[in-house]
Each structure stands twice: as structure tokens, then as C-alpha cells.
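S.K.: So the chains spell out like this:
Protein chains: 2
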Amino acid sequence: MRRKAAGGRSAPPEEGGSGGGTPPTVVLVKPQLGENIGFAARAMANFGLSDLRLVSPRDGWPNQKADAAAAVAAPIVEAAKIYASVEDATAELNYVLAATARPRDMVKEVLSPESAALELVRRSMRGERTGVLFGAEQSGLDNDTITLADAIVTAPVDPRFASLSLPQAVLLFAYEWLKGQDEPLSLGRATSCDGPAAEGVALTDTRPATRAELFGLFGQLESELDRSGFLKPPEKRARIVRSIRNMFHRMGITEQDARTWRGIVASLVRRDRD
Amino acid sequence: MRRKAAGGRSAPPEEGGSGGGTPPTVVLVKPQLGENIGFAARAMANFGLSDLRLVSPRDGWPNQKADAAAAVAAPIVEAAKIYASVEDATAELNYVLAATARPRDMVKEVLSPESAALELVRRSMRGERTGVLFGAEQSGLDNDTITLADAIVTAPVDPRFASLSLPQAVLLFAYEWLKGQDEPLSLGRATSCDGPAAEGVALTDTRPATRAELFGLFGQLESELDRSGFLKPPEKRARIVRSIRNMFHRMGITEQDARTWRGIVASLVRRDRD
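Residue numbers (the working numbering), protein chains in the order written: chain A, -2 to 271; chain B, -2 to 271.
Rather than coming from a laboratory, the hints here were simulated on the basis of the structure.
Quick caveat: nothing in here was measured; it's all calculated off a predicted structure.
Beta carbons: idealized from backbone N, C-alpha and C, even for Gly.
If a hint is listed, it holds; no wrong ones were tucked in.
Computed, partial: chain B to chain A, Cβ under 10 Å:
(1) Ala42
(2) Leu46
(3) Val69
(4) Asp155
(5) Gln178
(6) Phe245
Pairwise CB distance ranges, derived in the manner of DEER restraints:
(7) Asp223/B to Pro231/A: 29 to 35 Å
(8) Gly226/B to Gln135/A: 49 to 55 Å
(9) Arg157/B to Pro231/A: 51 to 57 Å
(10) Asp85/A to Gly124/B: 52 to 58 Å
(11) Thr203/A to Glu125/B: 53 to 59 Å
(12) Glu125/B to Lys233/A: 53 to 59 Å
Extracted from the complex, chain A is given alone in its bound form (with noise of 0.2 Å):
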């Protein structure tokens, strides 16, 4: 009872937000510190967000700690969900970044956080499910996991003093995220330069694929490719893998898509037997 009185307060996705559609989820990945849990929970709150996932918590759920660092946002913190993994934390929703300061070797998209809050606005004006992953206080995001992202949120910061905390990425991203509701004019424009926005067009009979729909092609194809020899030597799988992925989310996925390439791959491995 508590929890929906309390989520009822902060906006659930399930009432959408400022009439600009559902708020982006934020999913924290093995957090460490409940403290760390709870600011960002007020950060979140400070800024319109409500949905909080979080993937293993290192000192369990829940945490008292947790709780009274959020203060006023407790609700949001009593009301978290959480998953043992970050495919399961981010099964239905639709488009997701990953805040890392760190791309690394890797071909992904890089927003600042406040063109990532004005993609959001706009996927979620649309009706689409969006999300940001943020990596725990030391280590931050690790490259399988940044794999499953759509593209990379990086907020510029001195070179010399280059590492934010948890809580205030979170900060950061949900303000960027609040000012990006009030900017219809700036949603124009993102539009106007953007390729994903031609994309709206031929989205009318079809939706973009969902996270489980994009993980259950990942699968199909991987093991088939496993079967097939080409993820060997076993050193190099995981790179191959990162960067098949990679261009998966780059293409921008829908349903229609994601039935499309499974029918490839099932075809492509059955031409022989026919």
C-alpha cells in the first residue's frame, strides 16, 4: 500500500509524466553505497523522475541507508525494483544509454547528457520506454554492459578532475532531463538534424524492438555463429560480440527488424539442408 500511495506521489511511468510521456527509468548497476542509492533517489526526484531499477546491489535490498539518504525521496527508494541482471532490468523498454565516461574501443554513439535528454523527450513522446544505465561508484559500466545500450551519455568535464559520482551523473542527467520537457523548440530542432527522426515516418505500422526482443536475436545469433566457427579463437569472442551488437544498436532497431534478421539467420544456417 505504501509503495503505490508513495509512487503515486512521484509520478509512476504508469501516469506518464508532464504530458511528454513515460519518464526515463534509471537503472543503477551493482551500486555499492545505500547512501550512493539515496541521493541519486533524490536527485531523481528533484528533477521529475520516479522509476528506479537496480541491478545486485552489493549490500543487499533494502537498505536502511538507503532510505535515509534520500530523505524526502524515500518513496522512490522504497519502491525500487530489483534484478539480477541487466538484461532483465531493462526488458521492455525500448531505447537505452549508458553513462560512462569511458567508450573505449568501441563505434557507439556519444551524447552529451543534454542531447541524450532530448532524444529521450522525444522517444518518449512517442510512446517508447527509455532508460539510462549508471555503473557502481569505482569500476562504473563495464564494456559487456555498455554493449546492451543503444548509445553512450558522457557529461563534459575537466580532463584533470575528470570522475563524477554516482549521485551526481544522476544529477546531472535528470536535470538535463527536466529542462529537456520544457524545450519544444530544441525538440525541433534535434529533429530537424537528426537521422533517427526520418525514422518516425516509417515507424507508423511498426515499433522499435524491445530490449528482450533485441537479446533474443543477440542469442539466435551468437549461437549459431558459435556453432559455425566465427566467434573462435575464444580470446576474441567477446570483442566480436561487442561489436556485432554495437552495430545492431546502431541501426535502430524495430519489431519488424528484429523478426526480419532472425528470419536471416534461420534461413541463412537452414540453406544447406533444403
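Given the structure of chain A, go ahead and fit chain B onto it with the hints provided.
M.R.: Positioned in the frame of chain A, the structure of chain B alone reads:
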């Protein structure tokens, strides 16, 4: 000695910022918790600010907790200057903003953090010295102090959770200031328009595929799909091929990607022979 060296490491006002004039001074008015002073210093360091001034810190000075919370930004805390009044702390500044969520009954210009940052960048570029006043944790800035400022800066927040902590407020301001540094070059907007442009960084070890490479991939994939029966019936072939090709175009394919895909297709169709 140590103070001077420390200040020097973090871009002291004397030497100016990144070519855009002297960065703004942060003035904490009657701050209470040492931790918050430290966190504020860290937020300053993250975004290229270094001149910290304190008016009557409650727990005296120096403050061990401030040093500890500042972590890598401890040099900023150690170089902080202490004043007895806001008037003294801002004496040589030309333009001063007051960060407050409550403009109350005052006729005073109210700026967003973003427009405040642009104003400060503009003024510092023409040689003015600027600063921002932040109030105590609980009480904020009183009306008399606000009166000493040229204008008010207020962050947009969800009215249901309007209170930002002191370090959060400093963080948002500092973040916008660093963003504002790039604004004359329109870097911010360029980022928001062409996401793929940012990929340029990651593309250093490869390059966009040529049309010929892309068409080579199309030819291979489509001929294999013809053989496997995926492109039947004939009347649907053109539509399916267009859809697949469009997905590759959206992917923004590199030369390396094209080779990877040719390898994937070859591997999948070969697997039953192994």
C-alpha cells in the same frame, strides 16, 4: 607554499581559464557542514572552477571533513579564502549572481543555470570578474544577501521536490559553466544534432565503408538469401531487400563492419558443411 602550488594545479584565477577569461568565483555564504564544502569543491574541480571563497563557515577553518570530502579536489579547499562578510568576499568582482530557489518579493532578473553560465562566460571573456553566491544548507541566502547580487540564478526543479543540496546546486552551476565555455563554437549544438559525428573519435582505427564495399556486402547477402529462399515470393523481394539495405545504412557501417558482416554471412551458410 603548498596552497599556491595546489591552486596552480587547478587553474588559478590569475592565469585565466580555457582562453575564455577568468572562471567565476564560488562564494559559499555561512556553509554549515564541512562535507558539503568538500563536495562543492569537488564539483567545482569536475568542471574547471577553482576559486572558492567562504563567508563565516559555521564550524571554523580549516575543516578536516571538508578536506576529506573534497578528495582529489582538496587543493581547492586548501586554497579557499575566508571572509567575514559577503561584501568583502565579492569586493573586486564585477558581476555577481545569487543562487536561490526563492526569489520572493524582489524585482530582480532571474536566470536559469544555463543562461547564467552564458552570461558569465560572456562577461569573463571581456575581462570582468564574476562570482556566484550559494547560501547555507537549510536557510539559503537571506534577502539582504540576495540584494548584493546583480541577478538570481535558479535551477528548474520538480516543485514537489524542490530542494537541491548545496553541493548539487554548485554542481549544476559549474556544469553549465563548462558547457557554456564551448557554446561560442556551437559545440553543444553540433553534438546534439549529429550523434554519429562523435563516433569520429572511435573511428580512428577504421573508416566509413565505401559504397563499393557496402554494395559488395549487399550482393553477397542477397544472393545467399535468394539461395536460401528468404526473399520469396518474387513480388515481395524488392520490399524485403530495401528494408535490409536501409538497416545497414542506418547502421553507419565502417569498412571493418562490412568485412565483419561478410564474414558472418559466409560463416552462417557454411556451418552445415563443417
